[in-house]
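As you go down the protein sequences, you meet chains A and B in turn. Residue numbering for the first sequence follows my numbering, beginning at 1 and increasing consecutively. Residue numbering for the second sequence follows my numbering, beginning at 1 and increasing consecutively.
These are calculated hints, taken from the structure and not from any lab test. Just so you know, even glycine gets a beta-carbon here, dropped at the ideal spot from N, CA and C. Just so you know, not all the hints are guaranteed correct.
Stated by the list, open to error - No more than 20 angstroms apart at the CA atoms, straight line, and that leaves these computed lysine to any residue pairs for SDA-like:
#1 A:Lys132 / B:Arg233
#2 B:Lys314 / B:Ser237
#3 A:Lys153 / A:Leu181
#4 A:Lys169 / A:His193
#5 B:Lys314 / B:Ile296
#6 A:Lys153 / B:Ala246
#7 A:Lys132 / B:Gly238
#8 A:Lys153 / B:Gly385
#9 A:Lys169 / A:Ser179
#10 B:Lys314 / B:Leu23
#11 A:Lys169 / A:Glu118
#12 B:Lys314 / A:Arg17
#13 A:Lys132 / B:Ala230
#14 B:Lys2 / B:Trp12
#15 A:Lys110 / A:Phe100
#16 A:Lys110 / A:Asp121
#17 B:Lys314 / A:Asp85
#18 B:Lys314 / A:His193
#19 B:Lys314 / B:Trp12
#20 B:Lys314 / A:Phe16
#21 A:Lys132 / B:Ser237
Said to hold, decoys possible - A short list of chain A residues far from chain B (calculated; beta carbon distances all over 12 angstroms):
#22 Thr15
#23 Asp26
#24 Arg33
#25 Ala87
#26 Val203
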Amino acid sequence: MATEAVIRATGLRKTFRTRVALDGLDLAVEQGRLYGLAGPNGAGKTTLIRTLCGLLRPDEGEARLLGWQMPSVRVRSQLGYMPQDFAVYDDLTVLENLEFFGGLYDLSRKQIRERAGELLDLVDLSDRRDEKTGTLSGGMRRRVSLAISLLHKPRLAFLDEPTAGVDPKLRRSFWDHFSRLSEQGVTLVVTTHLVEEALRCDVVGFLSQGRLLIQGSPTEILQQTGTETLDDAFIVLQDRGELTR
Amino acid sequence: MKSFTIMRNVLWRIARDRRTLFLIVLLPLFFVLLYGNSFSGSFRNLPIVIVNQDNGLASVRVKNADRITLAVNLAAAFVANLDSDTFDITFSEDADGAASAVAEHEVWAALVFPQNFSHAVVNEALQQSGERTAEVDGQTVTLLPSVVIEGPSTVLTLDDGNPLIADAIITSFAASFAAVLGTQQASLTPESLLEVHPLYGGDIRMLDFTAPGIIGFALTLITVLLTAMAVVRERTSGTLTRILIAPIRAWEVSIGYTLAFSTVALVQAAELFLASALLFDIRFVGSAAIVAVIVIVFTVGLQGIATLISTVSKNEAQAMQLVLFLLIPAIMISGVFWPLETMPATIRPLAYISPLTYANGALRKVMLTGQGWADIALELAVLAGIAVVMLVLSILMMRRQAFSA
Numbered sequence: 001m002a003t004e005a006v007i008r009a010t011g012l013r014k015t016f017r018t019r020v021a022l023d024g025l026d027l028a029v030e031q032g033r034l035y036g037l038a039g040p041n042g043a044g045k046t047t048l049i050r051t052l053c054g055l056l057r058p059d060e061g062e063a064r065l066l067g068w069q070m071p072s073v074r075v076r077s078q079l080g081y082m083p084q085d086f087a088v089y090d091d092l093t094v095l096e097n098l099e100f101f102g103g104l105y106d107l108s109r110k111q112i113r114e115r116a117g118e119l120l121d122l123v124d125l126s127d128r129r130d131e132k133t134g135t136l137s138g139g140m141r142r143r144v145s146l147a148i149s150l151l152h153k154p155r156l157a158f159l160d161e162p163t164a165g166v167d168p169k170l171r172r173s174f175w176d177h178f179s180r181l182s183e184q185g186v187t188l189v190v191t192t193h194l195v196e197e198a199l200r201c202d203v204v205g206f207l208s209q210g211r212l213l214i215q216g217s218p219t220e221i222l223q224q225t226g227t228e229t230l231d232d233a234f235i236v237l238q239d240r241g242e243l244t245r
Numbered sequence: 001m002k003s004f005t006i007m008r009n010v011l012w013r014i015a016r017d018r019r020t021l022f023l024i025v026l027l028p029l030f031f032v033l034l035y036g037n038s039f040s041g042s043f044r045n046l047p048i049v050i051v052n053q054d055n056g057l058a059s060v061r062v063k064n065a066d067r068i069t070l071a072v073n074l075a076a077a078f079v080a081n082l083d084s085d086t087f088d089i090t091f092s093e094d095a096d097g098a099a100s101a102v103a104e105h106e107v108w109a110a111l112v113f114p115q116n117f118s119h120a121v122v123n124e125a126l127q128q129s130g131e132r133t134a135e136v137d138g139q140t141v142t143l144l145p146s147v148v149i150e151g152p153s154t155v156l157t158l159d160d161g162n163p164l165i166a167d168a169i170i171t172s173f174a175a176s177f178a179a180v181l182g183t184q185q186a187s188l189t190p191e192s193l194l195e196v197h198p199l200y201g202g203d204i205r206m207l208d209f210t211a212p213g214i215i216g217f218a219l220t221l222i223t224v225l226l227t228a229m230a231v232v233r234e235r236t237s238g239t240l241t242r243i244l245i246a247p248i249r250a251w252e253v254s255i256g257y258t259l260a261f262s263t264v265a266l267v268q269a270a271e272l273f274l275a276s277a278l279l280f281d282i283r284f285v286g287s288a289a290i291v292a293v294i295v296i297v298f299t300v301g302l303q304g305i306a307t308l309i310s311t312v313s314k315n316e317a318q319a320m321q322l323v324l325f326l327l328i329p330a331i332m333i334s335g336v337f338w339p340l341e342t343m344p345a346t347i348r349p350l351a352y353i354s355p356l357t358y359a360n361g362a363l364r365k366v367m368l369t370g371q372g373w374a375d376i377a378l379e380l381a382v383l384a385g386i387a388v389v390m391l392v393l394s395i396l397m398m399r400r401q402a403f404s405a
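Please work from the sequences and hints to get the whole structure.
What follows is the structure in structure tokens.
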């Protein structure tokens, strides 16, 4: 099957005390898709990603990545995850960070060096490779974090707000890279608040209060919401989500 | 003044943090209870051996009489005067066996009364006072001046590996002698009756005695703080999530941490031992290799404890408080200053779950008295058990951290 879903979630439910973060959520993402996860703050985007990655156990339902029920050790070598916080060692240099995390995957020193070089070019930090990560700006540290997440060439990557605090020029080159990865068959799930980013996705899912309100290509979403711009569509959806609550 | 705004903010945030609040309120009381309990006890049931070869008083002349044989056995009177709570007394006929029981650490002391003990004591008393009569056990006796007896020497073989216990034994014996001899015989001091043979030549100072425990405590504090802080920081910074989502097993992560901090602990231990020896001439008569093994096994267990602390702590501040909450009592109850033997039964079980108790015991045996593998087998086995259990628990917790990170 060419269009086998590499991410399949059924009936995911997760509550933190009394707050419902995921409310019986179903999701299927096919291989090679660039999937944009949109939604207001607190909609459950991060919870969904963490649950899919096996970092949170759902109260109900199940998540499968590449056919394996999560959490599973087997998918980890093919899984990339970029958390919302920087999750880098401030006391290590940029390159040392890459080398350490690369070492956790079964990559040789030579492979790590090569990949680190490529990714540092991508995130435009080649000239800062030997600086302590802690001395870099927030945007730069996020770029280090992205480089770490993609170092081992994952088949499937979850990127939680990879462009927050990143300047427009670099943000565009990130998305060019995401598109290239997706053409190469890598499945990407990227959370975003930005309409221009959502427009570059194959599929956009709009999450509100733990439920997937709508899912489809940007054009399909405009059609279904009857709006002119994706901005308007998101606002309409957000209002709708709050009404149905 | 904006200081009050700052103050309110700090206090409000403390009040919000239930665990911190709990510790702030409970910690002082907890310390006082522990301190009071661990310090207030006295020695109980110290095993000693007594070999009583004393024939008692014979052939004495009583005032206004010719000769009379008194059924007075001063050694027996001495024994009867010993506090039965303090000592657990075994009687033996075998003087050599008694002494070797001390050397084997089966008993703390062996006291051997010579055959002529009673006779010699009375003789000595009369000679020193220059009188012909003496009051012994309520009766006035006069010794034949022609009878010359070698001075009364009661041989006390003493395990001075624990100077506190050694002192307590001597004090207790002296008190018993004083009671038997009565106030009249002030010239005959209890010390002059005791010929003390300390097992370690009386060379073990209080400094030497407490050093192993203090070193163990320093190791505990540094290792546990360092490990707990590192793991908490790894979690709060998100790097732990990143590690745990990589194709690595929880046990590999835990063992990795253990290896790293064991290395650190070994370096620190070496420094602690060297500095103690060079600067303060701390007694170290045993094998350094055995000490190294004790340190490794001990610190592996500590790291497991540290990892557990880090998993239940939300942040560095909580971890720090938990560390202090667990470690300060440890030094009070682990026999470092006050021997376990004096501890009330109510808190002694706490001592037996503290790894420091076993580390201290084992280090003391090796450093102070040069004992070997066989003598520390029990302590080492318990430490190894703690290490294994803690390591397994920390691996399980590490696995769980992935889901709570």
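Inset, instruction - Of all the hints given earlier, name the ones this structure violates by number, lowest first. - result: 5, 8, 18, 25
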